[in-house]
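Let the sequences and hints guide you as you build the complete structure.
Protein sequences, first through last, are from chains A, B, C, D, E and F. If you read the first sequence in the working numbering, its first letter stands for residue -8, the second for the next number, and so on. If you read the second sequence in the working numbering, its first letter stands for residue -8, the second for the next number, and so on. If you read the third sequence in the working numbering, its first letter stands for residue -8, the second for the next number, and so on. If you read the fourth sequence in the working numbering, its first letter stands for residue -8, the second for the next number, and so on. If you read the fifth sequence in the working numbering, its first letter stands for residue -8, the second for the next number, and so on. If you read the sixth sequence in the working numbering, its first letter stands for residue -8, the second for the next number, and so on.
For the record, the hints were derived by calculation from the structure and aren't laboratory data. Possibly wrong hints are sitting among the right ones.
Because identical chains cannot be distinguished in the list, a pair is counted as satisfied if it fits within a single copy or across any two copies.
Stated by the list, open to error - In the SDA-like style, the derived pairs of lysine to any residue whose C-alpha atoms are separated by at most 20 Å in a straight line are:
no.	residue 1	residue 2
1	K203	G88
2	K286	G236
3	K203	T295
4	K212	L245
5	K292	P195
6	K293	G82
7	K283	G236
8	K292	I280
9	K292	A91
10	K203	H238
11	K218	P195
12	K292	G214
13	K218	P239
14	K208	H238
15	K283	D189
16	K275	R198
17	K208	Q86
18	K208	K293
19	K286	T186
20	K208	E2
6 protein chains.
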Amino acid sequence: MILRIDRLLTELPAPSDPDPVGASAVQELLGGKFGEMSTFMNYTYQSFNFRSRQGARPFYDLVASIAAEEFGHIELVAATINTMLTGSAEGTPGQSGALADVVGTRNTQQFIAGGAAALVQDSNGKPWNGDYVFSSGDLIEDLTHNFFLETGARNNKLKIYEMVDHPAARALTGYLLVRGGVHQLAYARALENLTGADLMKLFPAPRIPTDKIPECKPHIKRGEHLKLYRFSPEDYQELAAVFNGPHPETGEELFIAEEVSPEGAPAYDLPPQPAVFAPGPEPKEIEEIAAKQRKAAGLPKKPTGTVANA
Amino acid sequence: MILRIDRLLTELPAPSDPDPVGASAVQELLGGKFGEMSTFMNYTYQSFNFRSRQGARPFYDLVASIAAEEFGHIELVAATINTMLTGSAEGTPGQSGALADVVGTRNTQQFIAGGAAALVQDSNGKPWNGDYVFSSGDLIEDLTHNFFLETGARNNKLKIYEMVDHPAARALTGYLLVRGGVHQLAYARALENLTGADLMKLFPAPRIPTDKIPECKPHIKRGEHLKLYRFSPEDYQELAAVFNGPHPETGEELFIAEEVSPEGAPAYDLPPQPAVFAPGPEPKEIEEIAAKQRKAAGLPKKPTGTVANA
Amino acid sequence: MILRIDRLLTELPAPSDPDPVGASAVQELLGGKFGEMSTFMNYTYQSFNFRSRQGARPFYDLVASIAAEEFGHIELVAATINTMLTGSAEGTPGQSGALADVVGTRNTQQFIAGGAAALVQDSNGKPWNGDYVFSSGDLIEDLTHNFFLETGARNNKLKIYEMVDHPAARALTGYLLVRGGVHQLAYARALENLTGADLMKLFPAPRIPTDKIPECKPHIKRGEHLKLYRFSPEDYQELAAVFNGPHPETGEELFIAEEVSPEGAPAYDLPPQPAVFAPGPEPKEIEEIAAKQRKAAGLPKKPTGTVANA
Amino acid sequence: MILRIDRLLTELPAPSDPDPVGASAVQELLGGKFGEMSTFMNYTYQSFNFRSRQGARPFYDLVASIAAEEFGHIELVAATINTMLTGSAEGTPGQSGALADVVGTRNTQQFIAGGAAALVQDSNGKPWNGDYVFSSGDLIEDLTHNFFLETGARNNKLKIYEMVDHPAARALTGYLLVRGGVHQLAYARALENLTGADLMKLFPAPRIPTDKIPECKPHIKRGEHLKLYRFSPEDYQELAAVFNGPHPETGEELFIAEEVSPEGAPAYDLPPQPAVFAPGPEPKEIEEIAAKQRKAAGLPKKPTGTVANA
Amino acid sequence: MILRIDRLLTELPAPSDPDPVGASAVQELLGGKFGEMSTFMNYTYQSFNFRSRQGARPFYDLVASIAAEEFGHIELVAATINTMLTGSAEGTPGQSGALADVVGTRNTQQFIAGGAAALVQDSNGKPWNGDYVFSSGDLIEDLTHNFFLETGARNNKLKIYEMVDHPAARALTGYLLVRGGVHQLAYARALENLTGADLMKLFPAPRIPTDKIPECKPHIKRGEHLKLYRFSPEDYQELAAVFNGPHPETGEELFIAEEVSPEGAPAYDLPPQPAVFAPGPEPKEIEEIAAKQRKAAGLPKKPTGTVANA
Amino acid sequence: MILRIDRLLTELPAPSDPDPVGASAVQELLGGKFGEMSTFMNYTYQSFNFRSRQGARPFYDLVASIAAEEFGHIELVAATINTMLTGSAEGTPGQSGALADVVGTRNTQQFIAGGAAALVQDSNGKPWNGDYVFSSGDLIEDLTHNFFLETGARNNKLKIYEMVDHPAARALTGYLLVRGGVHQLAYARALENLTGADLMKLFPAPRIPTDKIPECKPHIKRGEHLKLYRFSPEDYQELAAVFNGPHPETGEELFIAEEVSPEGAPAYDLPPQPAVFAPGPEPKEIEEIAAKQRKAAGLPKKPTGTVANA
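What follows is the structure, encoded as structure tokens:
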């Protein structure tokens, strides 16, 4: 089971100019074959299906805790897309022309099926599907797969970084490149530990050093490229048995974070987009009803949740 | 972001007779249109895409926290399938005939693609896909959808209960019927609160009372049909504003659990199935390597994780 | 637009022994690439998309009216599947084991997603999709396609006839082979009229004469292999301009039926299957509510509809 | 079975400026998850699969006759798309550059697979599929679904209305919003009648009154928002038992139309688009052949069909 | 089995201005329902599945050898797409904005999943799939299909010719129209030989003569519209038994080429596109490693392969 | 381009007892994610899309020539499936019950869509699709993928070997395990050469030595585990630059075969299966027509092709 913390893994910029075409490209990092849905679901199902957990505990702990971090990644990509779409559907609901600006966008369903929001699709509008999950149960093979998956994921993050210059997309890819790089490394180290093979010379893959990307630098400075979090109040204590040794590019020592998870940051409370009826054609009415209910339930007058733009 | 707790939401029986055909049917509850992947992903994306969170806080909290519980549901269905498949692939790896018993099973990929394990597919072997996610951003509409989704999900749980008599499947459906029923109710209540419509006479839907199912009774006895958990250390404090009033079937008062989540139970550590190479053709070797690494990392001699059959 | 007549194009036998495995094979004739969904939708969209209708009126009339007949074909295949599944889900709703008999059937979704009923899928459980529709707008090419489609459809009907010996399946294929044969011929004749090519020597395709199939004989005796119906109260008056000449196998003259459509037959009112909650776990309750509402609306005491087993 | 009437349910404007990008968006209303293919096929299969028709006759009649109206809706959406594409492929067939103007359109297959015409796809170019059909056989559940489906459909019609300002798209959505609204209401009323729940406060959903849309007004004036048609010469006599009471927004009384169907209007005979070979690279030749055949068949010299631009 | 020859079937122009939007349209000829993947795979599987090869040898030889030519066609379409994409990803790898020019292209995956290169998709970005393969085993039916498939393929080639004016696309379609026309004819002739039907009046289909296309003329001049190649060092000797008689448009005699295959032409060695890391972010390094390895293996200093731009 | 040789890469046994259920499992090796369609198409498209061929010639040669061998693998898997299905459809065409024996088989489409023959599907009946092709253009990444793909493929071959004991399936997997192992090794060596990483300790993967499989031994004896073929009359001369060094399991030296390809073996001429109309309901008629045509074309009286059972 999981507990949920209402914070993003890292800070994203506030909405600025909307960029629906860019947002359609960022979908690849969410619902693409190498997107975060794939990393999240692959490791999640591998952990569910893991046989002989006790016998192979450090490996189980590795896969299970990285899976938990990946939930935060789908959350982050979705938040980025939503940020980029904010401002593109502010017209009057029910009025001809209110969405005329986006009729030529690449992914119309972000507005028709969604509320100017992320979809579980890739950059060509194809839905993510369960066929993207590899979970053979053969530990060596699953780790080989995971190393390859992270390599493809790193490739796609680099491409989106090159392709989309919206500040939210740049912040997103800067962060994901650092943390995805840790996962890529973790699986390679696990595979080395299990077989004796030497994979460190495969790094960086693709052959572009992470520390050359300006948006990665602040995260590297904080050491985010070197540590794994357990992402659990009490479990997954054996990560250190497989995640250790020097970083293949910098030579710094890898380690397990003492804190359970990054501190993260509150999300922006994204404003209504009435032309797509999100959260409804008349957001004020919803607010009033919510206020009334909150009062009836004896809750404080001010909403209890924390948002970046409170 | 999430934290992960290495326990199942409820106890499942230990593996007994394997039942691959039954396990292929249970897949509907995992990767079917109305399976737990759908409930998990629908609410997760609705929470990601929620606009005006502060203004509509109690509704946001509801969707976000139920999403968190649903992760535990996919975990539970996967564990059930894995339990049911245990014992069906114990032959010698690399030997002709080692898997001959399952050549006629309904879902061969549970053995070919998986390690006698769950797949992200439905009962006809079709992968789950992102098209099953509805996230319009229009709060009333999303809640209408969610009520319908839970109704379809309850239907499918009842059908699987009728169809598969393996003890693990019966334990699973008994639990899911109770907790899914709470979610069905929660969305209906939210919709009532928001619109003034009266939906309570739609319960139970389908028209089969949960408390007639023997496997549901222990959970009902513990009050699991009446409460929502926050599934968060600190967030989602406003559930009481929408989840309240009498239960439509029993008249008992609905309430928010004081504890953050159910206590749950440790999972069984499922034994290797060497004929499908899970966790490898030679599980002992993996165990030895793991032991060596654990030692090198200064970990205790005994694995730190907790399992039901420790 | 259409008007609907609550009769089947031909009589089907009453439900007898259920045959879920056979019913899963018959799905190919409904949702397969060459099933009736494909013939129905191909001709329907070709008629919608037809350019220069007045200039090419006889061809438009041909495609549009055959499309109308094909609706009756999907109705007939669905009725056959439903007949074959009747009796397989009569257990007590909500009781463990009520559906145990069908856990090993080929298409479990006929029971989980459906109410012991037809799905929009093929014999391997794959959903029909819009990619099966060919509508190029180029008349010669569309007719070439339609001739090929009917050839594939005839092949599949023959195969199902050979494979499934349930009386309903035999009655279905006997009828469809005769009427599908007329459509195959109609498109070939249209193509001949348009180009001067001579296609009659391609008949029968596959090379199995229809009149050798015992179940086809009664329909042939009634001349159903020779005539086209307009399937419209007033439209599609120009069929005779393309559907004429001798039948390639029998030499009899083709003609346009004077009656608008076949007389057809009422459908059986299929009994409830409570184990799949169709029409509900408590069918009697629905009946009582319906009776009350009918009374309140001033309708006659006895239901007004006609069914075969009234 | 059905009879077909060669008229559209309502009048559409004649082709004017082509709008391929707009036409790609309108596809959502045809082949999208909430498009008219979905409403048509859902109700059609629910009527095919309906168990205990006599016992639940008014409900059967409701679903079956609405299904018939939906055929007219797919016809209308296709006609709209075709109208919008007319004029975009008028170049010389077989000449380089003849289609250069549309190489950058969103859905190239409207020109490559189709003859400047509608496809069975959504606005992202994904084919409609049978997975979109929900037909559980459980009457309450099917009605719940149908209410939800119509809600999603209304959302999408509103969005397309806002997004596409081509006159044909505006006429289409104006009409569909009114008639789809009736279906949404009919299913809600049926559900109320069956369960006693009170759903009227859910209207309008989404929360945008239909009568505020200028293009809806003429239809509302004619009372099209208040009545159901039987769409059958003789069947479906029991609609009044479930479709009755006041309209939730206007308070006017709902009723069953005396006429079998709307009068409708003839379709425009859309001109050839030679650059996509529709109806052929040399439309004149086809016309001459058709004329010759019509003559040989003793048909009147002038085509018998009726079109808006005769 | 096959042997591979490192030459294209015909010459393509060198890369010039990049045209990503055009390249997205050309994908239809690769991965579309009527693209070259379909012709290649249909004939390949029909040859694999052919029963009674000896008894029906000339037909087997026909299908098997045309299949071999089709491999050359997928190669040619891919080369065209790659040529058209060359120049669009020349920016600095790992630099923000390096791919900004293509963020609005129709198929972003040509850059994100591919290295500015062809994908196994159609012009709407949908992957080719095995459902497009028809292989009934019934010879007459397979030939009927193949004639129809080539007709649809010819239609699509003509449309792409009209739509995309990039020199590589024009060269491609000019060649494919001629050679695809031969296959269309070959299947029609085989069908005539087998049944006695007369299909020659169906040519050309669509009704646009190949010899009116300027880009086809050079190939026609060389007689490429009249001959079949065996595409085998020793096999497929019986083609003449089915491919013979006069060409339906020109009256010239069809014949079997004496040479095993066309001479073809070397491909251009397409330059690196570093912004998509093809063949890597630092192509020079790869070159140096390759040189070193070649030396160590005793290979000549200059690469042994032949390319057009050597 | 390719030339085709009408021989299989290795000998398969003659048809014996039919095994449709086993044949449905073997489909995984043809159309599964890790089946031979995937290996064939991945390497084929990587070779098509290869940038800087001259600069990276040995790597291009490697990928391009292995692609050619993979064609022989899809041919071999199809031949195996066809062999296993022979004998299951020998009934009288057009007769009820002729296919009754296979109505319960796992993949009915092998008989309905195919002529008792292979489909482009996996073991769950899902079509292969272009999404399974990875062709990033980044050489290191493509090689990483290919090593992983071959590992998954080896896993699946081992599983099918364990699961299906039909002699044809055993012969198939015995051969494929040896040759697929060579490809797995080739990609690992290429990756080592390019990066300096040491991957040899990953072998065998999965951890089951090939030489323990009895059906592999004859091929190992002939040295088939040590050599690469060029599969080209003249091209791909630089394989030795990347395929060299000792075999990781046996220590024997890897080498490039002097012969262009294995000698292979003629295929069995599989007998008609009249109940599925392959090659037609009346195979004799086809034979007579073929004989007549062959005579007219001046061909020798006896068919020129070579088959195993001549």
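Could you tell me which of the numbered hints above are not met by this structure, giving the numbers in increasing order?
3, 5, 6, 9, 12 and 18
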